[in-house]
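*Asks:* Sequence:
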Amino acid sequence: MEIVFQTIRIIDYENNAVYVRDTPETFSDYVRTLIAYINENASIREYHTRSTNTEVISCILDVVKNQIDVNFVTDKMNFIANRLLLKEQEAQTSVARMNTNVQKGSLIQALMYNEEKDEHIYLLAKVEHTDFVDDEDF
Numbered sequence: 010m011e012i013v014f015q016t017i018r019i020i021d022y023e024n025n026a027v028y029v030r031d032t033p034e035t036f037s038d039y040v041r042t043l044i045a046y047i048n049e050n051a052s053i054r055e056y057h058t059r060s061t062n063t064e065v066i067s068c069i070l071d072v073v074k075n076q077i078d079v080n081f082v083t084d085k086m087n088f089i090a091n092r093l094l095l096k097e098q099e100a101q102t103s104v105a106r107m108n109t110n111v112q113k114g115s116l117i118q119a120l121m122y123n124e125e126k127d128e129h130i131y132l133l134a135k136v137e138h139t140d141f142v143d144d145e146d147f
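Take 10 as the starting number for the sequence shown in the numbering used here and just add one per residue.
Just so you know, these hints were derived from the structure itself, not from any lab.
For every residue, glycine included, the Cβ atom is placed at its ideal position computed from N, Cα and C.
Keep in mind that the hints are not guaranteed to be accurate.
[Unchecked claim] Here are the simulated lysine-lysine pairs, DSS-like style, with alpha carbons at most 25 Å apart:
no., residue 1, residue 2
1, Lys126, Lys96
2, Lys74, Lys126
3, Lys113, Lys96
4, Lys113, Lys74
5, Lys96, Lys135
[Stated by the list, open to error] Pairwise CB distance ranges, derived in the manner of DEER restraints:
no., residue 1, residue 2, range
6, Asn48, Asn25, 20 to 26 Å
7, Met10, Asp78, 18 to 24 Å
8, Glu99, Arg59, 18 to 24 Å
9, Asp84, Ser37, 35 to 41 Å
10, Asn24, Asn48, 30 to 36 Å
11, Asn50, Asn110, 22 to 28 Å
12, Gln76, Asn110, 18 to 24 Å
Taking the hints into account, I'd like the entire structure generated from these sequences.
*Replies:* This is how it looks when you write it as structure tokens:
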């Protein structure tokens with residue numbers, strides 16, 4: 010499976026910021042491992058959209074259609090990360106009165122192409138911080 014694009018965005022709802030994290034050379038291996046884990050693990054939360062008209066789904070479809078335009082793809086991936094920031098801030102406001110916090114993490118996005126099946130796969134996953142995705146700098 011070819012990885013066409015991949016990004017890491019640190020979502021910092023406390024400081025109202027999304028940080029771009031450079032992807033290390035071995036990040037493609039991490040993405041492939043994450044995909045394998047998702048495919049093999051029955052307890053993973055899987056999301057099925059009811060509509061292709063939501064902002065995030067529309068962005069993903071636009072990325073697939075316009076993948077040759079790197080700036081366009083980057084803008085759409087940034088939009089998705091900022092949308093998550095907004096939703097996490099809203100969620101934190103809701104759960105703060107229960108004396109709890111939204112789990113901190115980062116957004117992994119990857120557009121992949123499976124040549125055998127002639128299909129694109131879009132990975133959109135919030136992950137805990139790891140060696141690849143570490144918020145110590147922020």
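*Asks:* Work down the list of hints and note, for each, if the structure agrees.
*Replies:* For each hint, the structure was consulted:
1. A distance of roughly 34 Å separates the Cα atoms of Lys126 and Lys96; the hinted pair therefore is violated under the 25 Å criterion.
2. Proximity of Lys74 to Lys126 is assessed by CA-CA distance (about 17 Å); at most 25 Å being required, the pair is judged to hold.
3. Restraint check for Lys113 and Lys96: the C-alpha separation of about 13 Å stays at or below 25 Å, so the hint holds.
4. The straight-line distance between the Cα atoms of Lys113 and Lys74 is roughly 31 Å, outside the 25 Å bound, and the hint therefore fails.
5. Only pairs whose Cα atoms come within 25 Å are accepted, and Lys96 paired with Lys135 is accepted, the gap being roughly 13 Å.
6. For Asn48 and Asn25, the hinted distance range of 20 to 26 Å is not satisfied, since their beta carbons lie about 35 Å from each other.
7. Our hint of 18 to 24 Å for Met10 and Asp78 holds, since their Cβ atoms are close to 22 Å apart.
8. Between Glu99 and Arg59, the C-beta spacing of about 20 Å keeps the proposed range 18 to 24 Å intact.
9. The hinted range of 35 to 41 Å is not satisfied by Asp84 and Ser37, whose Cβ atoms lie roughly 22 Å apart.
10. The hinted range of 30 to 36 Å is satisfied by Asn24 and Asn48, whose Cβ atoms lie roughly 34 Å apart.
11. Distance hint for Asn50 and Asn110: a CB-CB separation of about 25 Å, consistent with the stated range 22 to 28 Å.
12. Separation of Gln76 from Asn110 is about 36 Å and departs from the stated range, judged on CB atoms against 18 to 24 Å.
Hint compliance for this structure: hints 1, 4, 6, 9 and 12 are not met, and every other hint is.
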